[in-house]
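S.K.: Listed below are the residues making up each chain.
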Amino acid sequence: MLQIDTWKRVLIWLVCVTGLLMALPNAFYTRVEQSNDAKVEIELGIDTPELQAEAAQWPNWLPSSLVNLGLDLRGGAHLLAEVKVEDVYESRMEAMWPEIRDALRDERATVGTIRKQESAPDEIRVRISQPDGMSRALEVVRGLARQVQTLTGVGATDIEARAEGDTIVVQLSEAEKLASDDRTVRQALEIIRRRIDEVGTREPTIQRQGAQRILIQVPGIGSAGELKEIIGTTAQLTFNPVAGRGTDPDAVPGIGQEIVPSIDETGVYYTLESAPVVTGEELVDAQPSFDQNGRPAVSFRFNTSGARKFGDYTLENIGAPFAIVLDDEVISAPVIQSHIPGGSGIITGNFTVEESTNLAVLLRAGALPAGMEFLEERTIGPELGQDSIDAGQVATVVAFVAVLVFMGLSYGLFGVFANIALIINVGLLFGLLSLIGATLTLPGIAGIVLTVGMAVDANVLIFERIREELKSAKGPARAIELGYEKALSAILDANVTTFITAVILFAMGSGPVRGFAITLGLGILTSVFTAIFVTRLMIVMWFERRRPKMIEV
Amino acid sequence: MRLKLVPQNTSFDFFSRWKAWLGISGALMIVAFVSFMLQGLNFGIDFRGGTTIRTESAQVIDVGAYRDAIAPLELGDVSITEIFDPTFGPDQNVAMIRIQAQEGAEAVSAATVTAVEQALKAAAPDIEFASVESVGPKVSGELIQTAVIAVVLAIGAVLVYIWLRFEWQFALGAVAALVHDVILTIGIFSELQIRFDLAIIAALLTIVGYSLNDTVVVFDRVRENLRKYKKKDLKEVLNISINETLSRTVMTSVTTLLALISLYILGGDVIRGFVFAMIWGVIVGTYSSVFVASTILLWLGVKRDWSKPSNTSGNQFANIDA
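The listed protein sequences derive, respectively, from chains D and G.
Counting in the numbering used here, the first sequence runs from 551 upward without gaps.
Counting in the numbering used here, the second sequence runs from 6 upward without gaps.
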């Protein structure tokens, strides 16, 4: 009656052994971690005896994936940033203006003189002196529009122009805004990733969240402030024509101009044309270097389109000053000495060597396309994380022992079977967590402890049922079989419902809560597996050897 | 000799005082609700925005000195509490400082945090900042919303699942028990003013899962016994079913509580609130699956003419074998 096919037995034990092997590296966490790090370095071509020794700490033939420790356990910084996608509308409009101006100027005969009006940053308002030419003017402006590739919008264009009296209002279309938002966030994500990689920390998490947000988690970093410095909130580099230089911060700039302070000359303010000649996005390279006087500087090179714009501008404006602007501060405003055709140049300023190196990194990584707003910042010190791990470990061990003893006392030999299954269960859980590269958080540890407590539930259900079946005196083999059969629906229903809540938690939660949902959900899977397969197999094997006439559960 | 928490055969009558049980549950729920309305919850920064700083120093903490150091910064409502925990070392003095979200600031101000840190350093030179967490009001608003949706979704999903697997009366009974557990848990957090943060939502959902686990086990037996004892009235069948599963109910609650209590005592103060919620939930959940879910089921009545033929193995999963 109590029969399990051999292939099933082999499969069950195989799953257990594989799971436990996968879990094994976690028992030697530091050693495996060092070994893994060393192997990565050796693969990169750095090969020293020390690295070899570290790599040899863990044999190659054993699995070496570890459970990632969450920020709350390892310490580190967490940032949730919102990309200010509207910034891009503004710069797009600024870039649009010269084009619109030139196009309308060509139509002077019908539209008359044109004048740019004050407006919200995400639109351009142009007044024309001959309102009769409005339809022609709109036609001209609309002619500048480009097709937008969208999933739904057929024939959508990037800008919309409409007339308000004698004023043309130009704005980005909704389709273009959506497309632009997506591009902006993806670009920002990529740039943040490159900047953090440049610093070289371990396993950073950089993820997009929702439409406009980016989640950044970097273990082992000192503070969220430090992380923000690395990301550089709005490092935007532009090259703007200089219209004037003064000392009055409140001077009224002309239309399309702005007042920008100098970075190292206090009290000096430049009046700049808002539309940049070239932006940092067109840089292809930037390196720290020294100018002819041996002072630290940054040399840079533009891509072809940037080089052309830069070349044309320098050719036409020899003798005029030209501002290099970083984050709304003028780094330097040299006078153009000659035509610079090759698209490369050098930024000088009062830099230290370190500053010039940082600036080069910043420029090379590319400017963030838009500003960022930090909605959430968390810094967890490594000591607190270690304390939490220690406390979690002690609590888990004590919980484990308490449950093992209690089960042993309550169910005797069957309790021992359940206990072995419980140990295998926790092993499998760690194996699964390592396999999928899940992150263990402090609530995650709580999830494991809870699993330890609840995992025995399935076994309890079965054992209680076997006890009941024994009362109706059907003989031990039949009682065991019936016990398993009848307890199954309760086990499945009970665990499916708990699993549903774990899935919802995973879907809705974030960070630590998600870590809890993962351990809870996987814990349910492993505990059901161990209860209905592993303990059953153990009981059957025991039964086959002993053939007891009576059993006591 | 085996340890037996529950005697072999019990025949308690769980419904002799069902009005009293429902009355007690109802009264507790009203207390919880009133407490929630009157003093609300002690929301952590996850839900109302602001900054918490956890400090550690070897020196004994002088809350007054900390308060005086921060006061000149004019940050509004600042609460400073010293934390005591058996897991701390002898020279480990820990305090939690909570600063409310600053007026008008959508994002978190790094300058504020730096200013507070410097002020505290001046007051206690060896102070260290074990963790600094800030949440802007924009996110905290969304977190509340998500949390409420998560709990409602979980209860809804469970309602549907039980409805599909059992009958609608069972689903209503189970959900009544869940709502009872959730309200009582929120109630005790309000009553004791324990900090209510994102992790507590996770605990709430776990309680939902646990309580359900218990309820489902009882209901499963009720379903089976309804087929077995076709002549007995519902009350009797319910009583038999609860008595039959009583030993299991107690065993599982005890093992879970054993695990949770060790975590409560030894797991450190960071997750103590979370574990407390779960301990409370296990107790309330065990109670509710017997005294709320089953009582509601009794009250609603169950359709007895099972169209499905009764088979001895009792369920459709029975042909799975190992």
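By construction, these hints were calculated from the structure, which means they are not laboratory data.
Everything numeric in this text was worked out from a predicted model, so none of it was measured.
There's no promise every hint is true.
Here are the simulated PhoX-like cross-link-like pairs (lysine-lysine), alpha carbons at most 20 Å apart as the crow flies [said to hold, decoys possible]: (1) D:K634 x D:K727; (2) D:K634 x G:K143; (3) D:K1021 x G:K233; (4) G:K237 x G:K308; (5) D:K1021 x G:K9; (6) G:K237 x D:K1024.
S.K.: Next, verify each hint and record whether it holds.
M.R.: Results for each hint:
About 12 Å separates the Cα atoms of K634 of chain D and K727 of chain D, which keeps this hinted pair within 20 Å; it holds. Of the pairs offered as hints, the one joining K634 of chain D and K143 of chain G holds, with about 14 Å between alpha carbons and a cut-off of 20 Å not exceeded. About 17 Å separates the Cα atoms of K1021 of chain D and K233 of chain G, which keeps this hinted pair within 20 Å; it holds. A threshold of 20 Å between alpha carbons decides the hint, and for K237 of chain G with K308 of chain G the separation of about 13 Å falls inside it, so the pair holds.
Taking the CA atoms of K1021 of chain D and K9 of chain G, the gap is about 16 Å. The hint holds against a cut of 20 Å. Between K237 of chain G and K1024 of chain D, the direct Cα distance comes to roughly 25 Å. Violation of the 20 Å bound is thereby established for this hinted pair.
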